[in-house]
Amino acid sequence: MKHLITGVVVGALAVGLSAAPAQGAVRGEHEPAKRDEVAKRTVLRLTLTYPGRDTSGARTVLLRCDPPGGDHPSPARACAELAAHHGAFDHQPDHNQLCPMIYRPVIARASGWWRGRDVHFRKQYGNDCVMHSRTGAVFAF
Numbered sequence: 038m039k040h041l042i043t044g045v046v047v048g049a050l051a052v053g054l055s056a057a058p059a060q061g062a063v064r065g066e067h068e069p070a071k072r073d074e075v076a077k078r079t080v081l082r083l084t085l086t087y088p089g090r091d092t093s094g095a096r097t098v099l100l101r102c103d104p105p106g107g108d109h110p111s112p113a114r115a116c117a118e119l120a121a122h123h124g125a126f127d128h129q130p131d132h133n134q135l136c137p138m139i140y141r142p143v144i145a146r147a148s149g150w151w152r153g154r155d156v157h158f159r160k161q162y163g164n165d166c167v168m169h170s171r172t173g174a175v176f177a178f
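Residue numbering for the sequence shown is 38 to 178, as defined by my numbering.
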C-alpha cells in the first residue's frame, strides 16, 4: 500500500512538472505579441501654452494612433501627418500658408510614445499661424 501511494505521488509530480513547461510555453507565445503591441503604441499628451498670457489658456489633448483616437479633434489626420514625417513634430513650413508677423508666442509640447519610442518635444513659435505651418494638424486643437 505504501508503494502504491508513493507511486501515485511520484506520478502526479511527474505529470505536474511536465505540464509546467507547456504552460510557460503557451504564455511565452503570447508575450512577443504583447511586446509588438507595446512597440507600436502611440500615445501622446499634447499641450499648448501661451507665455505672458493668462496660464488658464493652456490646452491639453490626448492623441492615440493605431487606431487613431483620444480627445484630439482630428486624430486620424494628426496621426497620418506624424507618420508621414516619421514621428517628427516640427517639419519644413507649408510655403502656401502666409502668416502675419505678429508676435504672440505659443509653446507646443508633446510627451509620450511614438510607435513605442519615448518622445519629448518642446518648441516655442512666434504665433499660432507659424506653429500650424510647421506642425500641421498635430497641434491644431
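Everything labelled a hint here was simulated from the structure, so no lab data went into it. Incorrect hints may have been included.
What follows is a set of in silico ranges between Cβ atoms, one per label pair, in the way DEER data are often shown [what the hints assert, rightly or not]: (1) ILE139 to PRO105: 27 to 35 Å; (2) PRO104 to MET138: 35 to 43 Å; (3) ILE139 to ARG78: 37 to 45 Å; (4) ARG78 to SER111: 14 to 22 Å; (5) THR84 to HIS122: 15 to 23 Å; (6) HIS123 to GLN161: 19 to 27 Å; (7) ARG78 to HIS132: 27 to 35 Å; (8) GLY89 to ALA120: 33 to 41 Å; (9) VAL80 to ILE144: 16 to 24 Å; (10) ARG78 to LEU135: 35 to 43 Å; (11) PHE178 to HIS157: 30 to 38 Å; (12) ASP155 to PRO105: 18 to 26 Å; (13) LEU135 to ASP155: 30 to 38 Å.
Values in this document were obtained by computation on a predicted structure and should not be read as measured data. Where is the CB? At the ideal position from N, CA and C, for every residue including glycine.
Practice task
Could you tell me which of the hints above the structure violates, numbers in ascending order?
Solution key: Violated hint (a single one): 11; every other hint is consistent with the structure.
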